[in-house]
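Student: What follows is the residue order along each chain.
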Amino acid sequence: MATFEESGSEIVSDAEPKLLSIKNIASTAGKILRARLPWAPIIIMAVVVICAIFAPLLAPHDPTDIDIGVRKLAPGENWSYPLGTDRLGRDMLSRLIYGARTSAFISLVALGAGAVVGTTVGLVSGYAGKWTDTILMRITDAAMGFPTILAAMIIVTILGAGIANIILAIAVTVWARFARMIRGEVLQVRNRDFVLAARITGVSPVMIIWRHIFPNVINTLLIILTLLVGQTILLEASLSFLGLGLAPGASAWGLMVAEGRDYLISMWWLSLLPGLVITMVVMAFNFFGDWLRDTLDPKLRRSI
Amino acid sequence: MAKIDRSGEPLLSVQDLRTYFYTRSGVVKAVDGISFDLHPGETLGIVGESGSGKSMTAWSILGLVPQPAGKIVGGKIFFKGQDLLEASPSEMRQIRGSGISMVMQDPLTSLNPVFTIGSQVIESLRMENKGPAAKLREMAAALLAKVSIPSPETRLHAYPHEMSGGMRQRVVGAIAISRSPSVLIADEPTTSLDATVQLQYLKLLKEIQETTGAAIIFITHDLGIVANMCDRVGVMYAGKFVEQADVLPLFDNPSHPYTQALMRSVPDLEVDVAHLPSIEGQPPSLDDLPPGCAFAPRCEHAFDKCDTYPDTFTIAEGHTSNCWRHSGDYSVAD
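Here the protein sequences come in this chain order: D and W. Heads up: the first sequence begins at 0 in numbering that gives the first Met the number 0, then just goes up one per residue. Heads up: the second sequence begins at 0 in numbering that gives the first Met the number 0, then just goes up one per residue.
Treat the hints loosely; a few may be bogus.
As the list claims (entries may be wrong) - Straight-line C-alpha distance at most 30 angstroms; calculated DSSO-like pairs for lysine-lysine: (1) LYS75(W) with LYS205(W); (2) LYS134(W) with LYS202(W); (3) LYS134(W) with LYS145(W); (4) LYS70(W) with LYS134(W); (5) LYS75(W) with LYS129(D); (6) LYS129(D) with LYS70(W).
No lab work stands behind these hints, which were simulated from the structure alone.
From just these sequences and the hints, can you work out the full model?
Tutor: Printed below as a string of structure tokens:
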């Protein structure tokens, strides 16, 4: 009966072309909600993105504002500081919101750089084959085998601390993941008939890679990208936790966990809250990446 | 069928071409000493079973032998006097498409699924024609019209999956002739098409040949198509031509036992048979060929001399066959 009414109402709404009727909005919203999307990860990701973009508008306090009068407040103790304050009286909530900005910025730039370099290497390596492939893949293996933390320590020691160097450290190792996966995809696409057909027509290798192969590996690229966002955020947090990069006092989740380490018993919220945020965000990106992978390319299910 | 002028310099001359594959199980001689001349406007049919090296002959001419296993180990390929085996990669790219082009077997996979028909036709056109996008679109539409695609203007915006197999193969044909190549290789272009569409496509190829004067190398296993399409035929078995002749002499007087067996296995609509004759046995594995004639193990006429590879015997002017039966040594005793 219910289904009958539903289809009936759709016919009615089709008949009247009023786009903004309440019924229409409700039915569209219903359709979106009924679609099998991973809602929890999407909402968490959206919150992170919104916090990152609108941090100054959303944060109730300046995250660097030191106020001895309100120091060491536990969450809920004073509703002007809902998530409490640290031992210098800085608002935890504001610091977490600004932390989203730091994480988002670092992950975005590092991943972007890694994706550009890695995809290029993967495309060239997979298409060219022979010794080009051998050399590029050995370099990739080396980059993959090199621990990111060690790379970061070397870079920070040589170039000094700072956001740019954290980004560099992450990008230097993360590109290899892209290169590997993209190369694998290219090996499949390059033997498809339309690539052969393009070669028969005399299309140059650069154009074949750009026009015929790249568009056919974008799915994979998107999947790797989302799956790596979580890992990159985790990496950035680890680097901040180890003090390799951001200056103390900056609002970064990893750094906040590190700062609270000495007060785990007396002020549990200092480490626990940013730790929880990191866990949730990383899980959200991983789950979303998994879902995207299953949706776009079920073949890949076991290979990442 | 128009008479082909064979007095002049051949357009494409393949001499003793050998393409081998080096695999773990040994050397596979996919093409083993193929020679032929192709004159302007001529259609050469290469007939043979699957795996006889027909397609690899085509890939060798285009310089696209699958890497790294495959290698052209011997022979010469002259196109308009230039040796293609000596040409640089960029010279070869120039020749592919504008000098020699090819239509592949499967229209369903030879178009890129993510681009429109128009952009794929234009991609080929753009390599030779500079000019505004609108002009190239016009040329592309004209090309589609040339291969009898209805309403070409709108079809330019269609994606491959929106068209039928026959239409797609026409698009592939349009791309192949977009830069008026003088040699068109058609590698079983109709195998994956419906029987009714096949005929249309073959007619189209003939029309294209008449208007452009291109020479065609027609690779097929269908003797019926050969009879209708080709001027000259090479019958290929295990990487070698076993018989070469003009199309009429070949059908009048098939001389090699393999050709004869092939002809017998073509169904005749006039005669009722319980079983269609087939050739006993399997084509030999190319990495383990018998020392003599490769067809001998399946041949009803095989005799002791077949352990060495037969010489080329001339049956008539322009008609050769590689079989010891044509020597005086063959006795009909058995």
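Student: It remains to establish, for every hint, whether it holds in the given structure.
Tutor: Here's how the hints hold up against the structure:
1. LYS75(W) with LYS205(W): At roughly 29 angstroms apart (the allowed maximum being 30 angstroms), LYS205(W) and LYS75(W) satisfy the hint.
2. LYS134(W) with LYS202(W): holds, 29 angstroms
3. LYS134(W) with LYS145(W): holds, 17 angstroms
4. LYS70(W) with LYS134(W): Measuring from Cα to Cα gives roughly 41 angstroms; hence the hint is violated.
5. LYS75(W) with LYS129(D): Given pair LYS75(W), LYS129(D) holds - Cα atoms ~25 angstroms apart, limit 30 angstroms.
6. LYS129(D) with LYS70(W): Measuring from Cα to Cα gives roughly 14 angstroms; hence the hint holds.
In terms of the numbered hints stated before, the structure departs from hint 4 and from no other.
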